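Use these hints to put chain B onto chain A, whose structure you have.
For reference, the chains in residue letters:
2 protein chains.
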Amino acid sequence: MKVALVGFGTVGKSVYDMLEKAEGMTPGKVLMLPEFFTDPTFQTTDYNDILNDPETEAVVECITNAKAGYEYARAALNAGKHYVSSSKAMVAVYGAELNRLAREKGVAFLFGAACGGSMPILMALSQSRQMDEVLSVSGILNGTTNYMLDAMQRKGCTYEAALKTAQELGYAEADPTADVSGADSLRKIMLACAVSYGVLPSEGLNREGIESLTAEDVNHFAARGLVCRLIAKGGRNEDGSVYACVEPVLFGKNAPESSVLDNNNLAKSVCRYNGSLVLIGQGAGGDPTASNVLRDLVNIRAAYRHYLPADCKEGTAMNDACLSRYYVRVDGQDAGLFQAEEAEQDGSVCRIVTAAMPVKKMHQLAADIRANGRKVFFAAMAE
Amino acid sequence: MKVALVGFGTVGKSVYDMLEKAEGMTPGKVLMLPEFFTDPTFQTTDYNDILNDPETEAVVECITNAKAGYEYARAALNAGKHYVSSSKAMVAVYGAELNRLAREKGVAFLFGAACGGSMPILMALSQSRQMDEVLSVSGILNGTTNYMLDAMQRKGCTYEAALKTAQELGYAEADPTADVSGADSLRKIMLACAVSYGVLPSEGLNREGIESLTAEDVNHFAARGLVCRLIAKGGRNEDGSVYACVEPVLFGKNAPESSVLDNNNLAKSVCRYNGSLVLIGQGAGGDPTASNVLRDLVNIRAAYRHYLPADCKEGTAMNDACLSRYYVRVDGQDAGLFQAEEAEQDGSVCRIVTAAMPVKKMHQLAADIRANGRKVFFAAMAE
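In order, the protein sequences belong to chains A and B. Sequential numbering from 1218 applies to the first sequence in this note's numbering. Sequential numbering from 1218 applies to the second sequence in this note's numbering.
With the rest of the complex left out, here is chain A (with noise of 0.2 Å):
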């Protein structure tokens, strides 16, 4: 199988490197703006020596820009090529439309490495959902602020110092907003979702990332035998809604989401049949991500062509009938908001476990306690 390339980054040049030694398969050209391109051997600057290329079968594109890479895949498809994106950006958004096209076109659109790096877990939700009832997905879905947990947990490192060193191991970007708001996460459990119930959830949606949490929170946890991680998750509410969010929540020592150290990955799905089924893998990285791309290349070869259901479509999270305990660190002030089934004052501030309360509720009420310009922080207790 030959397989042209759009980008040629990190991921891209591993994607290049593996289909050069896989059995059966064959880099294409690779698609390079004008000012990357260095050899014509096998670069291009015309997308369309790709497109008229009757022995390219299938098209992998590892870009970041998500509006270009829509208009390539769509470009793509409609030439009759099997499409396998990288970018979690571009397939939270034009992904249900994407699927309809390769539907109708008779071609794949996979995109396992959009969602959790090297762990095949979209694959697995995929089957899952064709045989199995998924009655939950969750995860570490993102490596930067698991370092960052991690570094503050094992080695008592500040935010700050935590966050410095992910920026000089390469982990994060100079503007860290997307890892530590929580908006990477919540992009792969949206696609986790779309695979999951064939519903991709853009609106409702519920979001908190570590940005609140101090070395003082991680002390608490710690002795309390309590690890904390960012957590994306999703599944269907009793009344067959689906919920989609991400938060911070503590987890006891044995659970397998402690375990999960330095930059690594966790996605962990619950089915009817199948239970509980844990992956742990890198979550980024050249190699690893281009490891599930390759993956993607298998299936189609297998005839495997699509992640998503025929039907699915945009909807709205349902994160009211989603329900949780939550610890809570605020001031004093803010404390009566909370049900508390324990509470601790320590200084001028407060911390507080509550009762079982709306997913929406807790996120809606961080908002409120933040526009009057005071501090919280909160994190869900893991069952």
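These are calculated hints, taken from the structure and not from any lab test. Do not take every clue at face value.
[Unchecked claim] With a Cα cut of at most 27 Å, we get these calculated DSSO-like pairs of lysine-lysine:
1) B:Lys1470 x A:Lys1372
2) B:Lys1238 x A:Lys1530
3) A:Lys1470 x B:Lys1470
4) A:Lys1238 x A:Lys1219
5) A:Lys1470 x B:Lys1372
6) A:Lys1230 x A:Lys1219
7) B:Lys1238 x A:Lys1238
Every value quoted in this text rests on a predicted model; they were computed, and no experiment measured them.
Coordinates of chain B only, in the frame set by chain A:
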């Protein structure tokens, strides 16, 4: 897709249930032994009812008799039906032959549930073999022994008490030999090697179970912050040969293996590009195992045909080229057999951590010591 069944035990019944609910799948006839035949509406005692039904595309077999399973497989493949087996004992002996027959007939032969229960580890390895390089595969592949090891560690049970509880819970058979001796785990790692390397190792294997473990040993591990797990492992030596063995391994508390509690299983692959990928899930039970059978059927429907490569053949494990440091507990008079990095006298007993030594040599020394009527326990030290 219409799918017939051979066997209607715990797994077979769950498979039937899932087939009734899965979109685009229907259960065909179920082959029963005459003494268990109860309902002619969906059962039969004549395999020809299945083989001669043109609508039946696939046969699922969930029985324990390996020779009978082999005969059913041969007949089904010869009749042009896809074949899915959950029987590790059958595939460990006849897998290479049935793979050749299935490829000759152009039909599928898959057995995802035969290694890892609910976890799609063979699918992941099969994909990695086609586009990456599997450096090693290992795991906790027996739930009964993991339950026992966890109970000894966390509840302070003796070996005998842990075994008794495992039997009461239905995890262990009345004769638990296949579990506690490591034989069950060994069959599963043989399958994983066949899928990863195209070599089904049938000779040169080493196997050490948990029968020599005492509560006192577990106390010693705990004092060093170590957790004991029964690990099946296989991989490539530097010279390209394949190793495969089962033995206890000691892990630090942060290792994912240490977070695997009760009767859960873990499978870990390490690939050149994909890096380390860990799966944790249920390794047995009707519904979890059935879900992996259905996963194979979804794969078949997507035209995925084979986990084993075309040239898969039987071979010899080369365990002298694979090194590990070992924790060894022996009588003082046997201590001199080992090159010790650490040693501790404990009454008449000596506890040693050895320098790196070949797997094969460690297993051979233990056999020699036992042949002399003395006791020994050993466990590899995780890297």
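Evaluation of the provided hints:
no.: 1; hint: B:Lys1470 x A:Lys1372; verdict: 17 Å, holds
no.: 2; hint: B:Lys1238 x A:Lys1530; verdict: 23 Å, holds
no.: 3; hint: A:Lys1470 x B:Lys1470; verdict: 10 Å, holds
no.: 4; hint: A:Lys1238 x A:Lys1219; verdict: 13 Å, holds
no.: 5; hint: A:Lys1470 x B:Lys1372; verdict: 17 Å, holds
no.: 6; hint: A:Lys1230 x A:Lys1219; verdict: 16 Å, holds
no.: 7; hint: B:Lys1238 x A:Lys1238; verdict: 41 Å, violated
In this structure, the one hint that does not hold is number 7.
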